[in-house]
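K.L.:
Each chain, letter by letter, is given below.
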Amino acid sequence: MPGLYTGGAVSMEQLTNLVISDRDLTIISSVLMRLMNDTNATSIMLIDKSGQVVAVQGSSTRRNATTLGALLAGVFSSSREVAKLLDEKDFRNIFQQGLQQNIYTSMVEEQWLLVIIFDRSTHIGLVKVLSKKASDELGRILERVRNDTTRAKSSVLNLQFRSSVEDTIDLLFRD
Amino acid sequence: MALINIASHEIHCKIVYYGIGYCGKTTNLQYVHKSITPNARGDMLSIATETERTLFFDFLPLDLGTVHGFRTRFHLYTVPGQILYERTRLAVLNGADGIVFVVDSQAEKFEENVQSIAELDMHMRRIGKDMNTFPIILQWNKRDMPNVLPVPVLERYLNRRRVPSFEAVASAGKGVFATLRAISKSVIAQL
Chain D
1 MPGLYTGGAV
11 SMEQLTNLVI
21 SDRDLTIISS
31 VLMRLMNDTN
41 ATSIMLIDKS
51 GQVVAVQGSS
61 TRRNATTLGA
71 LLAGVFSSSR
81 EVAKLLDEKD
91 FRNIFQQGLQ
101 QNIYTSMVEE
111 QWLLVIIFDR
121 STHIGLVKVL
131 SKKASDELGR
141 ILERVRNDTT
151 RAKSSVLNLQ
161 FRSSVEDTID
171 LLFRD
Chain P
176 MALINIASHE
186 IHCKIVYYGI
196 GYCGKTTNLQ
206 YVHKSITPNA
216 RGDMLSIATE
226 TERTLFFDFL
236 PLDLGTVHGF
246 RTRFHLYTVP
256 GQILYERTRL
266 AVLNGADGIV
276 FVVDSQAEKF
286 EENVQSIAEL
296 DMHMRRIGKD
306 MNTFPIILQW
316 NKRDMPNVLP
326 VPVLERYLNR
336 RRVPSFEAVA
346 SAGKGVFATL
356 RAISKSVIAQ
366 L
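As you go down the protein sequences, you meet chains D and P in turn. Per the numbering used here, the first sequence starts with residue 1, numbered consecutively. Per the numbering used here, the second sequence starts with residue 176, numbered consecutively.
Hints in this document: simulated from the structure, not taken from any laboratory. Among these hints, one or two may not hold up.
[To be verified] Below, simulated DMTMM-like cross-link-like pairs (lysine to aspartate or glutamate); rule was C-alpha separation at most 20 Å, straight line:
| no. | chain 1 | residue 1 | chain 2 | residue 2 |
| --- | --- | --- | --- | --- |
| 1 | D | Lys132 | D | Glu110 |
| 2 | P | Lys360 | P | Asp305 |
| 3 | P | Lys209 | D | Asp90 |
| 4 | P | Lys360 | D | Glu109 |
| 5 | P | Lys360 | D | Asp90 |
| 6 | P | Lys349 | D | Glu109 |
| 7 | D | Lys133 | D | Asp170 |
| 8 | D | Lys84 | D | Asp119 |
| 9 | P | Lys360 | D | Glu143 |
| 10 | P | Lys360 | D | Asp167 |
| 11 | D | Lys132 | D | Asp167 |
| 12 | D | Lys132 | D | Asp148 |
| 13 | D | Lys84 | P | Asp305 |
| 14 | D | Lys128 | D | Glu109 |
| 15 | D | Lys89 | P | Glu261 |
| 16 | P | Lys209 | D | Glu143 |
| 17 | P | Lys349 | D | Glu137 |
| 18 | D | Lys133 | D | Asp148 |
| 19 | D | Lys84 | P | Glu294 |
| 20 | D | Lys128 | D | Glu166 |
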């Protein structure tokens with residue numbers, strides 16, 4: 001598929017692919033790491049709205065990252081539908097408060113979600129302010145990643161790769 | 176949205192099982208989870224009501240292992256089938272790379288199937304996906320029931336785009352992996 005977008009309604013256009021290079025991930029990870037240190041958060045995730053995990057910082061969530069990504073994106077999608085029913089464009093942030101752990105999720109450039117998991121030692125105000133700053137920075141980085149995607153993709157998804165994946169599918173997806 | 180992470184050598188794709196209530200979407204995932212080699216599957220997650228109807232989605236991550244240096248993963252989701260949950264279906268559909276439309280082959284479910292596929296068409300248009308090129312597979316499920324419509328009839332009215340289709344009895348595992356193989360290959364071909 002040549003373009004990043006497949007056309008259609010402007011407001012809800014979706015990405016077809018996102019290719020993250022070594023360099024991109026290093027930059028993204030350093031932003032997340034700084035945010036984690038500055039807020040004293042337990043862990044931080046950057047996920048796509050569809051639930052795919054782009055980057056994770058913090059050992060406690062790494063093990064469950066895939067499932068957390070699916071669930072947190074689900075929570076966000078659900079709240080977006082609630083917003084529509086209330087004639088609100090979006091809820092851009094979601095705060096989930098637990099006895100020990102809290103989660104603050106905010107939208108980055110309409111396409112990604114920045115998730116900060118923190119405990120009682122961190123104040124929500126600090127999380128809100130610093131996540132806003134980090135979101136702006138991540139937004140700029142991700143915009144560039146998005147524009148680089150088509151070029152970077154061809155180097156990975158060659159014919160050899162595709163046929164090997166097909167063989168693996170035949171091998172694993174059977175009774 | 177397929178995520179190709181060159182840095183961590185991972186590729187993630189999202190496949191959504193769509194269809195009416197009780198058509199067998201969750202049953203497809205449960206069979207895959209039960210039958211696939213354990214090191215290729217993650218934990219299956221279900222957000223269901225007390226009566227085990229899907230409330231939000233089921234989620235099953237599959238791991239193909241490392242192929243040409245890249246760890247390739249498919250994330251399987253189901254939508255809730257009940258008519259009431261249209262907005263939830265749209266939320267789960269977000270970022271899908273491929274769709275399996277599961278059809279309940281029973282004659283009395285025909286109208287509901289037609290409405291559901293029309294709803295899917297509408298959602299796909301709204302999120303800017305072209306159904307003529309988007310990876311989609313049809314599954315004619317519940318072929319073991321006494322009152323099923325003949326496959327040619329289902330093909331004629333429900334498969335206007337002539338996408339690949341498979342007969343299935345998901346509860347017994349028949350056709351489940353054939354469907355999964357087809358949609359996975361179709362997604363990889365479109366990456």
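K.L.:
Would you mind marking each hint as holding or not holding in the structure?
P.N.:
Outcome of the hint check:
A hinted pair counts as satisfied when its Cα atoms are at most 20 Å apart, and Lys132(D) with Glu110(D) qualifies at roughly 14 Å. A hinted pair counts as satisfied when its Cα atoms are at most 20 Å apart, and Lys360(P) with Asp305(P) qualifies at roughly 18 Å. Of the supplied pair hints, the one linking Lys209(P) and Asp90(D) is violated, its CA atoms being roughly 39 Å apart against a limit of 20 Å. The suggested pairing of Lys360(P) with Glu109(D) is violated, with an alpha-carbon distance near 31 Å, which exceeds 20 Å.
Straight-line distance between C-alpha atoms of Lys360(P) and Asp90(D) comes to about 35 Å, which puts the hinted pair past the 20 Å bound. With a C-alpha separation of about 43 Å, the suggested pair Lys349(P) and Glu109(D) falls outside the 20 Å cut-off, and the hint is violated. Of the supplied pair hints, the one linking Lys133(D) and Asp170(D) is violated, its CA atoms being roughly 46 Å apart against a limit of 20 Å. A C-alpha spacing of about 31 Å is found between Lys84(D) and Asp119(D), which places the hinted pair above 20 Å, so the restraint is violated.
A distance of roughly 29 Å separates the Cα atoms of Lys360(P) and Glu143(D); the hinted pair therefore is violated under the 20 Å criterion. Between Lys360(P) and Asp167(D) the alpha-carbon distance is near 10 Å, which keeps this suggested pair within the 20 Å criterion. The suggested pairing of Lys132(D) with Asp167(D) is violated, with an alpha-carbon distance near 45 Å, which exceeds 20 Å. For the suggested pair Lys132(D) and Asp148(D), the alpha carbons sit about 25 Å apart, so the restraint of at most 20 Å is broken.
Proximity of Lys84(D) to Asp305(P) is assessed by CA-CA distance (about 24 Å); at most 20 Å being required, the pair is judged violated. Taken as a hint, the Lys128(D) and Glu109(D) pair is honoured in the structure, with Cα atoms around 16 Å apart against an allowance of 20 Å. Taken as a hint, the Lys89(D) and Glu261(P) pair is honoured in the structure, with Cα atoms around 19 Å apart against an allowance of 20 Å. This hinted pair does not check out: Lys209(P) and Glu143(D) have alpha carbons roughly 40 Å apart, beyond 20 Å.
Taken as a hint, the Lys349(P) and Glu137(D) pair is broken in the structure, with Cα atoms around 50 Å apart against an allowance of 20 Å. Between Lys133(D) and Asp148(D) the CA atoms are separated by roughly 24 Å; this puts the pair beyond 20 Å, and the hint is violated. Note on Lys84(D) and Glu294(P): the hinted pairing holds, with a Cα-Cα distance of about 19 Å set against a maximum of 20 Å. Simply put, Lys128(D) and Glu166(D) have alpha-carbon atoms about 45 Å apart, too far for the 20 Å limit, and the pair is violated.
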